[in-house]
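J.: If you want the building blocks of each chain, they are given just below.
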Amino acid sequence: MGDRTKMERRLALAADRVARYERMVEIRAFEDRVQGLFAEGVVHGTTHTAQGQEAVAVGIAAVARPTDTVTCTYRGHGMGLALGMTPESILGEIMGREMGCIGGIAGSMHLVDKELGLLPTFAIIGAGIPVAAGAALTAQVKGTDDAAIGVFGDGASNIGAFHEGLNLAAIWKLPVVFVCENNQYGEYSRINLTTPIEDLADRAVSYGIPGIMVDGQDPDATVKAVSEALDRARSGEGPTLLEMKTYRYAGHSRADKAEYRPEGEFERWFQRDPINTFRARLESEGLLAEGQADEVDRQVAARIEAAMETVKASPPAGVDAMFRNIYAPV
Amino acid sequence: MGDRTKMERRLALAADRVARYERMVEIRAFEDRVQGLFAEGVVHGTTHTAQGQEAVAVGIAAVARPTDTVTCTYRGHGMGLALGMTPESILGEIMGREMGCIGGIAGSMHLVDKELGLLPTFAIIGAGIPVAAGAALTAQVKGTDDAAIGVFGDGASNIGAFHEGLNLAAIWKLPVVFVCENNQYGEYSRINLTTPIEDLADRAVSYGIPGIMVDGQDPDATVKAVSEALDRARSGEGPTLLEMKTYRYAGHSRADKAEYRPEGEFERWFQRDPINTFRARLESEGLLAEGQADEVDRQVAARIEAAMETVKASPPAGVDAMFRNIYAPV
Amino acid sequence: MARMRMNQAVAAALGDEMRQDPTVVVFGEDVAAAGGPFKTSDGLLEEFGPLRVRDTPISEMGFLGMAVGAAASGLRPVAEIMFIEFLGVALDQVVTEAAKFHFLSNGVFTCPMVVRASVGAGLGFGCQHSQTFENWLNNAPGLKMAVASGPQSAYGLMRSAIRDPNPVVVLEPRALYGGRGPVTRGEEGIIPLGEIARVREGDDVTIVTAGAMLRVAMAAAKSSDNWSAEVIDLQTLIPWDRDAVVSAVRRTGRLVIVEESPYTSGWGTEISAYVGSRLFGELKAPVLRVTCPDVPVPFGRELELRYMPNKEYVTDQIDQLMATGRVPEPWWVGEGSRV
Amino acid sequence: MARMRMNQAVAAALGDEMRQDPTVVVFGEDVAAAGGPFKTSDGLLEEFGPLRVRDTPISEMGFLGMAVGAAASGLRPVAEIMFIEFLGVALDQVVTEAAKFHFLSNGVFTCPMVVRASVGAGLGFGCQHSQTFENWLNNAPGLKMAVASGPQSAYGLMRSAIRDPNPVVVLEPRALYGGRGPVTRGEEGIIPLGEIARVREGDDVTIVTAGAMLRVAMAAAKSSDNWSAEVIDLQTLIPWDRDAVVSAVRRTGRLVIVEESPYTSGWGTEISAYVGSRLFGELKAPVLRVTCPDVPVPFGRELELRYMPNKEYVTDQIDQLMATGRVPEPWWVGEGSRV
Ligand SMILES: Cc1ncc(C[n+]2csc(CCOP(=O)(O)OP(=O)(O)O)c2C)c(N)n1
Ligand SMILES: Cc1ncc(C[n+]2csc(CCOP(=O)(O)OP(=O)(O)O)c2C)c(N)n1
Ligand SMILES: [Mg+2]
Ligand SMILES: [Mg+2]
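Chains as they are written, first to last, in our numbering: chain F, 136 to 465; chain X, 136 to 465; chain H, 40 to 378; chain Y, 40 to 378.
In short, the hints are calculated from the structure, not lab data. From a predicted model like this one, the values you see are computed outputs, not experimental measurements. Heads up, the beta-carbon is just placed ideally off N, CA and C, and yes, glycines get one too.
Result set (DSS-like, lysine-lysine): computed pairs, CA atoms no more than 25 Å apart in a straight line:
no., chain 1, residue 1, chain 2, residue 2
1, F, LYS249, F, LYS141
2, H, LYS323, Y, LYS323
3, H, LYS350, H, LYS323
4, X, LYS392, H, LYS78
5, H, LYS261, H, LYS350
6, Y, LYS78, F, LYS392
7, X, LYS277, X, LYS249
8, X, LYS359, X, LYS141
9, F, LYS359, F, LYS308
Derived DEER-like restraints, expressed as beta-carbon distance ranges:
no., chain 1, residue 1, chain 2, residue 2, range
10, X, ASP334, F, ALA415, 45 to 55 Å
11, F, GLU333, Y, LYS261, 54 to 64 Å
12, Y, GLY292, H, ARG281, 24 to 34 Å
Bound conformation, chain F alone (with noise of 0.2 Å):
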């Protein structure tokens, strides 16, 4: 891995189902670690944590364009890396340090990295899904052949924004697509306690679009679903909505211990791990070595501590950080 720079990073994931795994090993000990500073107490403010849905940022970056827009939520750690973000970029921003991507004043909730194409992550759910449609109809205006993607949680499809969303992109055929991440829970409640139906792909009924199914847990399937869903909103013929079912493996957000689940649920998903079945399926195909898998891990591991005492050591956002950028000079 090295000190790849963030571009070689993002494509990195297009051809390489090999790199793909060691990304999101690198998501899930990222998470892991900042749920450990959290749990310390060392970090002010809020975290969501991405652990268990690491092949859908992945699924999601290996296809896309840096020139594609991605909106995202406050769980967002996961995508940036995914897209190509640096973990020092990331862990500098929720821990405050002027190295962090927003120079250390927004806080883990908010990211972003224009050159990957990420705008600012969303605090209010449902509200990227919308400005997602809207980066799709610059495309369509400007006549690129770039296309949006907006990610939102299983609960933000109960909110208007996503259906007010939705129908804009799918009546002017806007090249975007929208991907779910039913992770079965919006905050401390499971979706079924919130949601009247079983299958959220099949709210694209609505709109008139192509609502599918997709197997979260599987980056094979995921590159599949967004790279089907990018061609088909590339060449003109609107958006998709895709659902992507997962889990979230920790709770919703920092203080959260999840003792809401029901017993076995955290059990059984597990036995779906993205990162064990991916290991195992490129260990089956030979593409990884015997070995490689645990070498993988420990780079990623050294990688991450590598960027904790960098950003540890590095200076906190100042006061003057507060005043700038807040009106763009005309």
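Knowing the structure of chain F, use the given hints to seat chains X, H and Y with the ligands on it.
T.: Only chains X, H and Y with the ligands this time, still in chain F's reference frame:
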């Protein structure tokens, strides 16, 4: 007809199809007269009339109880009359008179009658939809078997409040019926320009509730559909979405001549005019005797003219009305 | 210099910018085929085509969100909110997303979007279609807000708003759409954001106003023999030109704000509080806010006219201020309402 | 008189009202099974059951609309908006529907609903989860708005809010939820809406504050030897008790507002403008607003503490006011930001 009280007017519709016919004629005549008023320029502001949609309003009023709650839009005169409001109380409001249902302080878009179950009508698209669900919540919590009916347009089915209101009602199995008056237009835009699907009833799929298409030009059909949906609601089976296919004869509001309509469209719909069709049916069934319909027309016209005279002769809202009812006394 | 109605001036500004800048797009409910419910985009669809001029479904949250995304990725969207009240279903995108977009991108993204909204009373639309609601927007650093007071200002402010790299809300008093006036088009017609217009010179009192109240304030100022009033059209409400207003008031010694909004916490409240404190000890009279009462906007021509400040009322209030050196009671105190 | 945390006091108020009045229902996101994201409804589901205590889908517009309908038809709903920002997706129901409901029903319907919302900075939630946004609500006649400053006031105001026949928004500063204090329950613990609390006596200056800033203002008032400050907890922001504030300030001759909000058009602006004009010529010093700067709320403990007024800053500002009789520059002028 004569001078029946509003409650008599309401109850008249329950069993008597001829009364429903008369009320439809009344609504048509009332709306035509109101349009004339605005064309003459004697009234301030704007108005939205409902010629062509009479069978929807009458269908609801015929089967809902006065203890049920109805939420409705700015296009509310027909619904108000159907529910039993007197022409005077509506005309008084339209013309800014003290005798108007809100004391003449609110104008054509806002009607109300608590005894008849009509909440203040909503001038913001979609706003009444979750409000209807809220009235249904009251019935559910109090354990009555009352229900609520939320009426809104085709255009409103694109706004977030629609999505959120139906979703909430569905997950809590609230006793509410959602009636979408699909009159083919939202303002000056034909529904196909803003809505990517043909049948709005299909949107029920998103909430796991029945979505039923109804011939909104046939009062027997609307009565039947609302009646079945109310039964469902009252027996605890939850909400229903009824899409009433109908047609707005007039323009969107006061000034609109509806020149954007495709040629022949009005004429095609007018062939299935709800009043004409229903009259023919009642005549063929022997419920309306020869010449009786014409007599109804005359009586209704006279009744509306009398109301007009009464209202014109009545005092306008005074300045003091501006300061009343801002806060309810503690 | 052509004479045109204010709605035509808006359409002219949109057209002129669209001609120069192919990234400007216009959308909203019935703005394309119908040319706008108030004809503020008449002719744009015909000239610029359906890719750049679009009718949206009724979904303000959706299409303002779309404006944010479009602005961030290279367009300059102008979205119409038909009546300012409808922003109540979409405020999040303006105040919590757009206003913070540049900040949240570490200064890398900009969000050059314009939200046009018609505002105000006077046309008999009743209490859910007649408000101004500047207060929804005036506590959101990152956002700009301007308000048109006639054809030229509608034209000039709109062009600046479209060029501005920040999200700008432009309020257009609905009652002014039909009013005609001369309009200078092109670069000379552009009015920079953040600057006042001194519309009238005067020595005894500075009237600060905006939007539809400009003509009321002007009428009052012209009609009085008792005092001579300078009249300032604030034009940009956020950020407002504090220095210009303070120095104007320092000269006359008196500040009167004429505003179409309920009394409590209208936009003029900030002007009053700021100037009152800054010029403490230098003023000859207390700052006076001439506003609407704290009630929902009534329907009915007479009541609506009564609701809004009018020439006679403004004149009378200033007469009293000059005579007594105290803030006079507003008219509605006699009607049983508190200030 | 039990000691409890403010979040417990909120739950106690809800429970006490629910016990007395079977029409009170509580709903919001995760308020039932989880007892509320901030544990402000802990135990209610267990005691009152799932008919009256409900978890909603994420749909603020939907469930506030539902509150309007429920209130109009015979319930007294209390709906939780987890962070005030989320009202940005639902403001319509509060400001355009609920606030005008009684008016639009000719006085026949009432709309006795309560919207609880947590507000403010201090917990590191970043710029989309730390604002106060009172300004969204302060120009909507028909609505009331109160803000809690600790356990007792959270308890007492909430009970009044639930009993009030009008829509009431109750703001709860999130940073105070964990703070403990004595709480008188029952009828004596109830605090009427529309009244101030004079929390401290003093002669030189009247500090008007609310919510989380009460403790800051108190700390400053207690620590100063240079001046003696009366401290008023405004408690109800709409309608605010003008007479009480005016007569208090008349006595001390100086008004300082301490407020957690950006400077421009925070709630204190109205207090400043109103009192400044009413007491023109009677004040010994200009009205001073001690607020946050006009920036998005920053993340990071140090920066957040810097962002909000703190004891030292309030003290220093008042020291300067007393010494110079002028409004001092706020701290951020030195940082390159305008006031
Ligand atoms: C409009 C709005 N309402 C409520 C919240 C609080 N909130 C933050 S995360 C969350 C749950 C979201 O669930 P889901 O969409 O499934 O995403 P996940 O957290 O599972 O990734 C809620 C309710 C919010 N941020 N915005
Ligand atoms: C939130 C909101 N957006 C826009 C409007 C303006 N508006 C009033 S009526 C209307 C069309 C509504 O169409 P539909 O729902 O089909 O009802 P119809 O008028 O046909 O009865 C629009 C866009 C509004 N009142 N509220
Ligand atoms: Mg989820
Ligand atoms: Mg319609």
